[in-house]
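Chains as they are written, first to last, in this note's numbering: chain A, 17 to 236; chain B, 99 to 412; chain C, 70 to 552.
These are computed hints drawn from the structure, not numbers from a lab.
A portion of the hints provided could be inaccurate.
[What the hints assert, rightly or not] Listed below are the simulated SDA-like cross-link pairs for lysine to any residue, each with C-alpha atoms no more than 20 Å apart in a straight line:
(1) Lys-383/B x Ser-42/A
(2) Lys-152/B x Tyr-169/B
(3) Lys-267/B x Ser-20/A
(4) Lys-252/C x Pro-134/A
(5) Lys-383/B x Ile-114/A
(6) Lys-252/C x Leu-194/A
(7) Lys-232/A x Thr-218/C
(8) Lys-365/C x Leu-429/C
(9) Lys-232/A x Tyr-216/C
(10) Lys-232/A x Arg-217/C
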Amino acid sequence: MTLSYHLQVVNLLAALLLLISFAMLSQRRIVGLITLFAWQGAALATSTAIVAWSTGQHHLYWSAALTLALKVIAMPWFFFRLVRKLDVEREVETMINIPTTMLIGIALVIFSFNLALPISQMSGTVTRSTLGIAMACVLLAFLMMITRRKAITQVLGFLSMENGLFFAATSASYGMPLVVEMGVALDVLVGVFVLGIFFFQIRETFDSLDLKHMEKLKER
Amino acid sequence: MTTGILLQILQTLLAILLAPLLMGWVNQCRAWLQGRSAPPIGQPYRTIKKLFHKDAVLAHDASQLFRFAPYLIFACMVLAAGIVPTIANDLPFSPAADVIALVGIFALARVFQALAAMDIGTSFGTLGARREMLVSFLAEPALLMVFFTASLISHSTELPVIVQTLAHKQFVIYPSLAFAAVAFWMVSTAENARIPIDNPTTHLELTMIHEAMILEYSARHLALIEWAVALKLFTYSALGIALFVPWGIAPAGDLSALPLAVLALLVKMMLGGAGLSLLEAISAKLRLFRAPEFLGTAFLLAVLGMLTHFLLEI
Amino acid sequence: MEIYWVLGIPLFGGLFLALSGNRSNAPEINALFSFLTLVAAAVLTVRIVAEGPMMAGDSWFFIDSFNVFLVALTAFVAFTTSLFSRPYMRIEKEHGRLNDKRLRLYHSSYQIFIGAMLLALTTNNMGILWVSMEAATLATVLLVSLYRTPASLEAAWKYFILCGVGIAQALFGTILLYFAAEKVLGAGGNALLWTHLNAVKDQLEPTVLQLAFVFLLVGYGTKVGLAPLHNWLPDAHAEGPTPVSAVLSGLLLNVALYAVMRSKVLVDGALGNNMAGGLMMGFGLLSVVVAAFLIKRQTDVKRMFAYSSIEHMGLVTFAFGMGGPVASFAGLLHMTMHSLTKSAIFFAVGHATQSAGTQLMDGIRGLIRTNPTIGWGLMLGTLAILGMPPFGVFASEFLIITTAMHEHPWATPFLLTALGVAFASIFGKVQPMVFGETELPRLPHQPALTPVFMHLGLVLMLGLFIPPYLADWYRQAAALLGG
Chain A
17 MTLSYHLQVV NLLAALLLLI SFAMLSQRRI VGLITLFAWQ GAALATSTAI
67 VAWSTGQHHL YWSAALTLAL KVIAMPWFFF RLVRKLDVER EVETMINIPT
117 TMLIGIALVI FSFNLALPIS QMSGTVTRST LGIAMACVLL AFLMMITRRK
167 AITQVLGFLS MENGLFFAAT SASYGMPLVV EMGVALDVLV GVFVLGIFFF
217 QIRETFDSLD LKHMEKLKER
Chain B
99 MTTGILLQIL QTLLAILLAP LLMGWVNQCR AWLQGRSAPP IGQPYRTIKK
149 LFHKDAVLAH DASQLFRFAP YLIFACMVLA AGIVPTIAND LPFSPAADVI
199 ALVGIFALAR VFQALAAMDI GTSFGTLGAR REMLVSFLAE PALLMVFFTA
249 SLISHSTELP VIVQTLAHKQ FVIYPSLAFA AVAFWMVSTA ENARIPIDNP
299 TTHLELTMIH EAMILEYSAR HLALIEWAVA LKLFTYSALG IALFVPWGIA
349 PAGDLSALPL AVLALLVKMM LGGAGLSLLE AISAKLRLFR APEFLGTAFL
399 LAVLGMLTHF LLEI
Chain C
70 MEIYWVLGIP LFGGLFLALS GNRSNAPEIN ALFSFLTLVA AAVLTVRIVA
120 EGPMMAGDSW FFIDSFNVFL VALTAFVAFT TSLFSRPYMR IEKEHGRLND
170 KRLRLYHSSY QIFIGAMLLA LTTNNMGILW VSMEAATLAT VLLVSLYRTP
220 ASLEAAWKYF ILCGVGIAQA LFGTILLYFA AEKVLGAGGN ALLWTHLNAV
270 KDQLEPTVLQ LAFVFLLVGY GTKVGLAPLH NWLPDAHAEG PTPVSAVLSG
320 LLLNVALYAV MRSKVLVDGA LGNNMAGGLM MGFGLLSVVV AAFLIKRQTD
370 VKRMFAYSSI EHMGLVTFAF GMGGPVASFA GLLHMTMHSL TKSAIFFAVG
420 HATQSAGTQL MDGIRGLIRT NPTIGWGLML GTLAILGMPP FGVFASEFLI
470 ITTAMHEHPW ATPFLLTALG VAFASIFGKV QPMVFGETEL PRLPHQPALT
520 PVFMHLGLVL MLGLFIPPYL ADWYRQAAAL LGG
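Just chain A, same shape as in the assembly:
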């Protein structure tokens, strides 16, 4: 272990990111989930900024600022407002009980660590070992999406997945080219607004944001 301190901090933040992913998986209340999502964004922005500072990759500052603006401030604010406005019930319903979900989560973490190991050994970046964590975050967010019933939690899962992907980009290759990152951020922003409209449509039609009303279209 001869990493410099700021990279140790990045590693610590990576661990924190994973911890928050697990906390989101075990969180029962929607408001708590949104707060955790904001914290995840904050951890991501901090680690991106530290990587930017320690490697001199200035475009990463932009990326960090973008994350901070969108995922720590704008989106949680938007979601809090939405929850208040739509009067969503506070408890999250799950398809599988939470301990089982956590066990599956651990299995996913082991899987992604194994998958990432050969790749991270090839990487030239100093933050390479966090690639496995990024991958685990992506898979955990995916798990959250498929085990939750409420529309809003699915979206939070989706956005948390996006966080994991950004983290993967930062840790594996010091981020994507700036244009691409801008584009991705724009898409995410537009996506969230489309969703906002969509939530209102869903609620107008079903009087609820619970997705169990939306299980009619199936192959019989």
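Fit chains B and C to the known structure of chain A by using the hints.
Quick look at chains B and C alone, frame taken from chain A:
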């Protein structure tokens, strides 16, 4: 060698004497946070003293085991307090038990407590013992995993070596310890019968665990058990300090670092106690059926810490 | 220069239609913008055919025979669909299913959707490709839920979430690609440019590219509608307005497959084996078989043809997976034929459902009496998509199957069985719709059937005779795909 023995005695005495103080501090902090007027910080000492002056009342059915248990529990805790490096590292007692054996010592105390509780045959005692066994059955594996994570870093299960690696070598951030620390906090709340698993101040039949087991005790027996409880909290705090924030513990045989070590210990204990009461004030007690989930989460976090260690720190 | 027109017109059109209020002539403006796009695309195509591949905008855009053919196809189908949607949406409005506000949303989203697809096709940057694919998805989510019925909202939600997850996988694949590229090309924007990557593809790290391709295939494959990731597709097609079904089926699936193909070329170069092709063949074959057997169980006409789209996209994916000049040629041809035919069918189906007032096939009877042109359009379209000679689909399917017999004989029985099952079920269901007994009155409106017969005419022409310059062009494109 003699300094070592002296230090050992000093540390053990310090633990025995300071333990009720920590308890008093936690109670005081909690009272403040809840907006009540706080009991004096020395209240646990007074309680223990008062109890020692009373005459013991024993149930008719109580066997020898029932009388014998408080002494054994107290002895276990004293032994544990002697082993965990509190103010100085690498004391003569330390090689007696590594972290795994330490878990065993705690388990021994708990088994006798549970046996004593069932000994009289009241329904509350049995109920408390069964609940205690359920909780500890879940908490112990998690605690062991926490210790394994810590010992992976220092390649040893001996506490002095762990402290040595973390405190006296070059400073390195170990992300895995962050997971382990959260898991450790969760386990120690369960082991010390605190919120959210148990509530030390309640005597409500439906929820109590630890209190149910000691309902039949009185006078000196109760005093010893209360003291042992305080000592356990102290030992766990010392353990947490040794594993996660060991800076300040005097290196082996270095007497000059001792005053600083005592000061560091006091400061850390004060902060830790305040933190504990803060967390207790903001969280609610879980239903008993949620306890397995809570402890399962602790276990998973400890496992995650271990995995993170393999990914990030090798 | 043409490239900017091709991209600029639809994007400007989208903004214009969104900001200029609820206009009663919006359908015409929509068609006008689509027509201008088509003209620009035609000019671009002529130039590429004459001058060969070109880069534009500081190598941000790259156009070769492969994507210019898709650009032309996209612009063409987008234009004919806008012609079809003009009367169709008017009738929907008269039926009270839509209002002016939603039509405004529809028209502007339509243009932006076309613009996003054209950007995806022409960009040289794998990252921008991803961004524009996502933009195309977002533009259509609100189109699928345009009717605001519970079923359409559910379909749109499924579409958004499944494609969102899929596209997130593709982003991960892109990140891995950049990760491999950065070591060869250095950090920065150039490392994701396809032309640069293509030049150094044999130096890229094979392990990483292998993993990247799996993610890219799963990600973009979700949008292609490959089984087992196809769940969103039938719902979105069945519940959205028919013009949207036509462009989704005829265009979006192609564009997604285009993204997969661009990645495949890189991965093939890096790996030196046919791992990517094998995967594509597997997914393609599975889609063909799964879709064929699901077609049998459908009762909703748009759903049935949606499954047919999955089947045909599976077939194209299979053909591209086989690789080689003949199979790639056949794949490209089939892609064209499928786009033209399937959108024609959706046009006819749209009018048929409008006149019957239901999408259930049991409720649609005797089209040949109520409206002979729609009836014939649907019948001919169905025959064409089922691969009856002399339509072009026959030629491309024939090529694909003979190549498969030659190179991968094990796959032939599956393909033939699936095609047979699909033929029997679709024909069996369409026949009573067209020729059955009915009491329904004739449709009061004049349907827009020019697009239907325009498409079918082209398919017929290409089935009988492929002009030499067109064949040349396909061959060039096939060669680019590693033929």
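Legend entry - Given pair status - Leu-194/A, Lys-252/C, alpha carbons within 20 Å: Distance ~18 Å between Lys-252/C and Leu-194/A Cα, so the pair holds.
Inset, instruction - Measure nothing beyond the straight line between the CA atoms of Lys-152/B and Tyr-169/B; if it is 20 Å or shorter, mark the hint as holding. - result: holds, 17 Å
Legend entry - Hint consistency between Lys-232/A and Thr-218/C [alpha-carbon to alpha-carbon, up to 20 Å]: holds, 12 Å
Legend entry - Proposed proximity, Ser-42/A with Lys-383/B (alpha carbon, max 20 Å): holds, 17 Å
Inset, instruction - Sort out whether Arg-217/C lies within 20 Å of Lys-232/A, counting only the CA atoms. - result: holds, 15 Å
Inset, instruction - Take the C-alpha atoms of Lys-252/C and Pro-134/A, compute the straight-line distance between them, and say whether it is at most 20 Å. - result: Status holds; Cα separation ~16 Å.
Inset, instruction - Measure nothing beyond the straight line between the CA atoms of Lys-267/B and Ser-20/A; if it is 20 Å or shorter, mark the hint as holding. - result: Judged against 20 Å, a Cα distance of about 15 Å means the pair holds.
Legend entry - Pair hint outcome, Lys-232/A versus Tyr-216/C [Cα-Cα no greater than 20 Å]: Holds, at roughly 17 Å.
Inset, instruction - With a cut-off of 20 Å on the C-alpha distance, tell me whether Lys-383/B and Ile-114/A pass. - result: Distance of about 19 Å is within 20 Å: holds.
Legend entry - Lys-365/C paired with Leu-429/C [C-alpha distance capped at 20 Å]: holds, 14 Å
Comparing the model with each numbered hint stated earlier shows that all of them hold.
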